[in-house]
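Student: This is what each chain is made of:
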Amino acid sequence: MKILVFTLFLAQIAYGQIWQASYTENWSRHPSAPVIFEILKGRFPLSSLKYSKCLHLDEKNKTLLGDSNPSSGAPVQTQPGPSFVEWYSNCLAELVANELEALSVTQFPAGRIGTQQEFIKLLTQMYGTTVINVCVGNDTSTRFYAKLSACERSQFTDDQWHQVLTDQLFFLYGDADYLSDRGFGSGGKVLFEALDQFYRDQYLPARQGGLKIGPLENKNPNHVIEILAFNKYLVLALDDMKF
Amino acid sequence: MKMLFGLIFFSSVTMASPSLTSRMTRLSFQLRGSLLSFDEKKELALVSPQDEAKFIEQKTNEYLNSNRLSDAFLYWQLERFKLKTFILSDEAEKETQLDLKDSFANLVTDILNQNLSWDQFLLSKNYRLVPLALKPKSREDVRARVSDFDFFSLLVPSLPREGVQLAKRPSDPSELQALNLSFPDSESRVAGVLTTPRFLRKYTTTDVNKNRRRAAQVYRIFLCDTMFPAIPEDANRKSKYLSQVFAIHETATEEQLKASLEIGHGAQESCRGCHSKLDPLGVLFQSHTTVLNPVSSTGSLKIPRATETFQTPVLSVADLAKTLVAQPEYEACQIRWFWNQFIGKDIDLKDEKLELLKREFNRVQRRTKDFIKVIASQPEFFNPPAPIEASSFAAVKPLLKRCDSCHESESYMFSEDVPHFATLFEDSKSDESTISWLLKMRTRLNLPSSDTHKMPQNFTHWTEADLTAVKSWINSGAKDDAGTQWLEPQ
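Chains as they are written, first to last, in our numbering: chain R, 132 to 374; chain S, 3 to 492.
Possibly wrong hints are sitting among the right ones.
Here are the simulated distance ranges between beta carbons [as the list claims (entries may be wrong)]:
id : chain 1 : residue 1 : chain 2 : residue 2 : range
1  : S       : L447      : R       : D332      : 35 to 43 Å
2  : R       : D332      : S       : R446      : 55 to 63 Å
3  : R       : G173      : S       : S379      : 23 to 31 Å
4  : S       : L156      : R       : G173      : 14 to 22 Å
5  : S       : R70       : R       : E249      : 16 to 24 Å
In silico DSBU-like cross-links for lysine-lysine, where the CA-CA straight-line distance does not exceed 35 Å [what the hints assert, rightly or not]:
id : chain 1 : residue 1 : chain 2 : residue 2
6  : R       : K181      : S       : K103
7  : S       : K304      : R       : K320
8  : S       : K324      : S       : K304
9  : R       : K320      : S       : K347
10 : S       : K347      : S       : K204
Not the full set, but computed from the structure, chain S residues with beta-carbon under 7 Å of chain R [claimed, not checked]:
id : residue
11 : P20
12 : S36
13 : L37
14 : F40
If you're looking for bench data, these hints aren't it; they were derived computationally from the structure.
Glycine included, C-beta positions come from ideal geometry on N, C-alpha and C.
With the hints as extra help, turn the sequences into a complete structure.
Tutor: Written out as structure tokens, the structure is:
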């Protein structure tokens, strides 16, 4: 629960005005179920390593994702209700957990995500060159994963860390102007500061104090991949999936 | 928890001129149903400001010709026609994809891919038939799955019967070999999507609906005239019209019920508004069950207008198609679909803009891709909608629908004629009635929890934030969409 309160705290920082979402009523601005899956797959490229109901329609989620009445064809839901929001936030947590699990290996996951070079290229896109340079250097051997998994925040200067966050947000969204357009403050500044402050003031002390937070349990809170995974969770939880 | 995430889902997009990335993201999302790839985001950084317009035009053309748009377009049309079937698993997904490649899907994708006139939805005489991908699994399945070959078999007896069902299911939809079937322009018994098995199979006829469902879809899809069945299709939700239709006590005899039905259903003014349109058009479809009947029927098309009512006999389904595409209501309705789909219902389509788009629609000879390009070039395409004020009617409308969902249920149904709160301003019989209901809402929302008249009574779907939003709206004067204040602010 605490983590949710933290998320709310961030939401309050980053957002000023209320945007009342609607769903199939404004279909062109809210993605349909297949598009939601496309977007999530794009943001969690390692998610394909593990089956997730967050990426496929099943009997349980089809209604909340906007299924239609079989007799009339009319949408059952015309707006994202609390159940959709809950599904989405739970899915973010699950996909973050899957991603961390995929990275918690010391061997290249052969045959599951292309060649080793392709996998390293994907990780470089996800995390940016700063993370790769600081954590792994030029090592493209199988030690690549072990080095990345063990890499800690303390290995980065503040300037380097700012670049890491910039790279991560670029992967998720795009350039600084786009972040501003989506209400994340000028050049994403509000978001950067909120994420960093949140980590220093609340997340790290809480984790060191023994806070259990589901998918991130048993991970080292100083590990870069945990911090970035949790950042991704926070940032995407703020996103209203409206384009 | 719900309240928490409800709050997280707030946003503010208030920039006056969106960045190139924002514009490209929207273009990509709207035309391809996906966001920009990582490499595309990097590509944007290399575009100089003076080249932005050219770059967007180039990308628009690229996206218009992408397979992604073609797939998305089919999905949108399945939504528009309410023919969408959901994919439930990987295995079912394959089956659905295969079954999607029927004559309806082929016609829809041809209209886009070949940049045909939008009118071909109604006027086309060309079909690409595909065999059924799967063996029917049960007797019900046999009835539900009618192959394209079976459907046209009475019109074209020479169609090969072996095409009805494949001996072996292909692994890829592209392996399904389609058979081209073209009818001459003079063929009056076929008319685009209206004579496809997918359309007629979905909107079946029964002794009760007598093809009115089909007629209602024609009005909804092509004229934006949406009508709802008085007898609800969902047994758990009862319509407020039910008491009008069956205006008789539940212990009545069968004879009394029949008499009541004849008198009550269709005779009342509120019923006649729809039935005077549906009944004569439904007759047109009367000869079609699940197979296209070679015997053509005649009907009548009625379109009420402000000054006079347009009514004309339609001698065949092809005649109906030709008549429809010539109507101004059709033109406006179809343009509105493009607007809603690519720009968004949340951005108002003003009259002068509609007139401009009508001219453009006809200038490009109603060609589909060309008109999408016209729409994507409108300034509204890239501009985010104005943020909704917390206390505006637009902000609380989705919440008021929750009121409707309870008040429509049986326990409240017959106590008093409760209006639909989400459409209160549109549906209300008089200003006095609107104000009276708003006052009732305000009183009951503000009652203490212990009061049995307190609303809402079922808190399952409500959070404190939701209640605060509704109270804030009503206490600040209950403004409607036009900004008219209906109550004195408190």
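Student: Next, verify each hint and record whether it holds.
Tutor: Structure-based check of each hint:
no.	hint	verdict
1	L447/S with D332/R: 35 to 43 Å	39 Å, holds
2	D332/R with R446/S: 55 to 63 Å	44 Å, violated
3	G173/R with S379/S: 23 to 31 Å	27 Å, holds
4	L156/S with G173/R: 14 to 22 Å	48 Å, violated
5	R70/S with E249/R: 16 to 24 Å	22 Å, holds
6	K181/R with K103/S	30 Å, holds
7	K304/S with K320/R	59 Å, violated
8	K324/S with K304/S	14 Å, holds
9	K320/R with K347/S	32 Å, holds
10	K347/S with K204/S	27 Å, holds
11	P20	5 Å, holds
12	S36	5 Å, holds
13	L37	6 Å, holds
14	F40	5 Å, holds
Checked against the numbered hints above, the structure breaks hints 2, 4 and 7 and satisfies the rest.
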